[in-house]
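There are 2 protein chains.
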Amino acid sequence: MGEQNMGGQVAGPVHAGLSSTARTRHRRLREQGRTDRAELTEVLAAGFIAHLGVIVDGTPMVVPTSYGFDYETLYLHGSVASRSLQTGPEASGLACVTITLADGLVLARSVFEHAVNYRSAMIYGVPRLVTDPEEKLRGLRLLSEHLAPGQWDYVRRPSRKELAATALLALTLDEASVKVRSGPPDDGESPDAALGLWAGELPLITTWGDPVPDQGLADGTAVPGHISVRAGSRAFSPPR
Amino acid sequence: MGEQNMGGQVAGPVHAGLSSTARTRHRRLREQGRTDRAELTEVLAAGFIAHLGVIVDGTPMVVPTSYGFDYETLYLHGSVASRSLQTGPEASGLACVTITLADGLVLARSVFEHAVNYRSAMIYGVPRLVTDPEEKLRGLRLLSEHLAPGQWDYVRRPSRKELAATALLALTLDEASVKVRSGPPDDGESPDAALGLWAGELPLITTWGDPVPDQGLADGTAVPGHISVRAGSRAFSPPR
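Going line by line, the protein sequences match chains A and B.
According to our numbering, the first sequence is numbered sequentially starting from 1099.
According to our numbering, the second sequence is numbered sequentially starting from 1099.
There could be a bad hint or two in this list.
Claimed, not checked - Per label pair, the in silico range of CB-to-CB distance:
1. S1331(B) with A1329(A): 18 to 26 Å
2. G1318(A) with E1287(B): 14 to 22 Å
3. V1310(B) with G1318(A): 41 to 49 Å
4. G1314(A) with H1324(B): 40 to 48 Å
5. G1323(A) with D1308(B): 27 to 35 Å
6. E1170(A) with D1168(B): 15 to 23 Å
7. D1230(A) with S1257(B): 26 to 34 Å
8. G1330(A) with T1139(B): 31 to 39 Å
9. G1330(B) with A1329(A): 17 to 25 Å
10. D1230(A) with P1289(B): 46 to 54 Å
11. L1235(B) with E1287(A): 21 to 29 Å
12. S1331(B) with G1314(A): 32 to 40 Å
13. S1288(A) with V1310(B): 26 to 34 Å
14. G1314(B) with A1136(A): 26 to 34 Å
Said to hold, decoys possible - Only part of the chain B face toward chain A is listed, based on derived beta-carbon distances under 8 Å:
15. A1206
16. V1224
17. P1247
18. P1256
19. T1305
Simulated from the structure, these hints should not be mistaken for laboratory data.
Glycine residues also receive a C-beta, built at the ideal position from the N, C-alpha and C atoms.
The task is simple: from the sequences and hints, build the whole structure.
Written out as structure tokens, the structure reads:
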């Protein structure tokens, strides 16, 4: 569980097409960095839980949140970060948003070579509080459709009051890095291979379960197709 | 997707038995906080991916990492945080470690009431670099056994050189909060219930797949029982 372990790695180099700064350059284990903006989109598309890191009163704070995105912008729920925004983005308002998908365990012949197969994206930027009602609606829709495709058109949309009560943050997807580890352990040709131990991968598979109806539903309320179709299917799209 | 959404929530109040500080007090949505140290342990036991937030050169950095723990201490791989530790824990070395388990989607009658069912623990503390070889070995064993129970006794253990090459961080479990959302949407008795729409939960189920043998294995190398027994079983223990 040394350098090969998830915990021993930092994000890879900056992607082609994404800006290169001191924060995302100068990383160790460069070989695991990916260089394509498409791969950032792929990680964003595969997951739906982000960990938003902000500094509040000098202390780092890491909060789970759902997100949506388009090619240029990541949208996040913002009440959480409002405390950091209060001090003003100009001050120290930089945020780091990390999205991680665990794909399985890498079981090696030695403790040191154990690892986690995963995909991870780190995005840096100064969150912007979305105030324009049109952009807010668009951002919320991206978020909603990413989490629960089809619900936006099925359920009641946000009222003006609800919209006002929702804090939405926007982060440009300009500065980011993606890190991917996949495949078998790295010690297949090391002296440890002679130990004769079993080694390989133990995949993690996340699927949607059967919809659980709210007890208050009127008899005969059918599960709409856009929900029922997800049952049994993979959540967090598997790696290619 | 307003206040009820995962993104709209911050960690609940401090647990009984855990220290109460400004960072973990003064939270909104107090009703979702849990007050038992046992529940912190439960979240730690259920997951195995943590997001470690540190400040590096004034910028928050959120890095996924695996972890292990005992009653008092959380152990994390530390190469990642070494950059923040270089400036000295005395300076601004506070870290926030967040562990989140997504349990499903809460599909409400309005966009605003949509939410994620989840369990999340936030731990604050100044990471300590573990240098004592005995504690290091013990911490790595906790980490290894949490991730892959049985492997510590099955595979080759760390050599002195490997131990030296592994940076392990310890964080006391003194200051933490746990946040849990479970159950159906909250709008079952709201005016929206009259819309006649389907509403409920869509659970997320994460299981271990079948072990994938490394191609380099000698013919007939059997999958050991402690690995094969996991196939098909739930990863990230489900909520009670």
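We went through each hint and held it up to the structure:
1. S1331(B) with A1329(A): 18 to 26 Å: holds, 20 Å
2. G1318(A) with E1287(B): 14 to 22 Å: holds, 20 Å
3. V1310(B) with G1318(A): 41 to 49 Å: The hint (41 to 49 Å, Cβ to Cβ) holds, given that V1310(B) and G1318(A) are roughly 45 Å apart.
4. G1314(A) with H1324(B): 40 to 48 Å: Given about 45 Å between the Cβ atoms, the range holds.
5. G1323(A) with D1308(B): 27 to 35 Å: holds, 31 Å
6. E1170(A) with D1168(B): 15 to 23 Å: violated, 45 Å
7. D1230(A) with S1257(B): 26 to 34 Å: Distance hint for D1230(A), S1257(B) is violated at roughly 59 Å.
8. G1330(A) with T1139(B): 31 to 39 Å: holds, 32 Å
9. G1330(B) with A1329(A): 17 to 25 Å: The hint (17 to 25 Å, Cβ to Cβ) holds, given that G1330(B) and A1329(A) are roughly 18 Å apart.
10. D1230(A) with P1289(B): 46 to 54 Å: 29 Å Cβ-Cβ, so the 46 to 54 Å window is violated.
11. L1235(B) with E1287(A): 21 to 29 Å: With a Cβ separation near 27 Å, L1235(B) and E1287(A) satisfy 21 to 29 Å, so the hint holds.
12. S1331(B) with G1314(A): 32 to 40 Å: holds, 33 Å
13. S1288(A) with V1310(B): 26 to 34 Å: This hint is violated: roughly 19 Å between Cβ atoms.
14. G1314(B) with A1136(A): 26 to 34 Å: holds, 32 Å
15. A1206: Holds. Min distance 7 Å.
16. V1224: Status violated, d = 11 Å.
17. P1247: Violated, because the Cβ-Cβ distance from P1247(B) to chain A comes to roughly 11 Å (cut-off 8 Å).
18. P1256: holds, 5 Å
19. T1305: Constraint on T1305(B) satisfied, holds at 5 Å.
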